[in-house]
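Use the sequences and the hints to build the structure in full.
Residue numbers (the numbering used here), protein chains in the order written: chain A, 4 to 144; chain B, 4 to 144.
If you are wondering where the hints come from, they were derived from the structure by calculation, not from laboratory data.
Heads up, none of these hints are tricks.
Here are the computed distance ranges between Cβ atoms for each label pair:
1) B:GLY29 / A:GLU51: 27 to 33 angstroms
2) B:ASP37 / A:GLU20: 19 to 25 angstroms
3) A:PRO107 / B:ARG111: 47 to 53 angstroms
4) B:HIS105 / A:GLY142: 24 to 30 angstroms
Pulled a few chain B residues facing chain A out of the computed Cβ check, cut under 10 angstroms:
5) VAL33
6) GLY40
7) PRO41
Keep in mind the model is a prediction, meaning the values are calculated, not measured.
The C-beta atom is built at its ideal place from N, Cα and C for all residues, glycine as well.
Number of protein chains: 2
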Amino acid sequence: MNTPADRPVLEELDAAECLELISPGGVGRVAFDDGEGPTVIPVNYTVEGTAVIFRTSLEGRLNQSLATVLTGAAVRVAFEVDRIDEERHEGWSVLLRGGGEHLPDHERPTGASVEPWPGGDRPAYIRIEPQEISGRRLGHR
Amino acid sequence: MNTPADRPVLEELDAAECLELISPGGVGRVAFDDGEGPTVIPVNYTVEGTAVIFRTSLEGRLNQSLATVLTGAAVRVAFEVDRIDEERHEGWSVLLRGGGEHLPDHERPTGASVEPWPGGDRPAYIRIEPQEISGRRLGHR
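So, in structure tokens, the structure goes:
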């Protein structure tokens, strides 16, 4: 049992720390409003500068919603990445908030890092350019 | 390198499978609109029936937003849980969508499972009663 004294504490991270933490890529979660409220999809992503890039299918209801939403102008999305050790109650989370957009063909990155893990067509490349980057680390003093 | 033939495939899960997968509790992510677009906070949660329960602080900007948002009536939130093996590209994700609400005092569950991991006050108990449960498993055939 944790006592209050040995409980982990939350510490705010600055934008540079956040970008470093998410730079290896992997699994993140994109949150957006599909017209019926917030929804969340896990995707595998890569980082290019300060932007997050991932691919998504136009198959499936959630993915279709995402693609449809992002054809609108200035759509706000959030992108969350965390690595939390559930045994030790330690880890970090990073949140990017900003506009999501389809990448035009000539800006599409190549390379395995943005290959989507599931099979099937994943034609839409999405880029999130954060206007806001925040993060927190949970750890023991 | 994966070839298309050995890529993992996505399979839809039914509500019962989803609830079973999330029933042990642990870390999930709550998504809500704070008035400036979608945002996401990782929390540790417990399951009671079909509802997800977690506690949140009134400290910190995101947490304050969440608490404020949930004082409104019929606020739509999403709650996402996933366990994805980044090496094997296998795992599952579950998404609950529904109304989030503060739990009244007499309905607050007791027990370590809803003790928040970070120290500090976590006075608000939040319950999400899903109107919609969906999930997907990513695996190799």
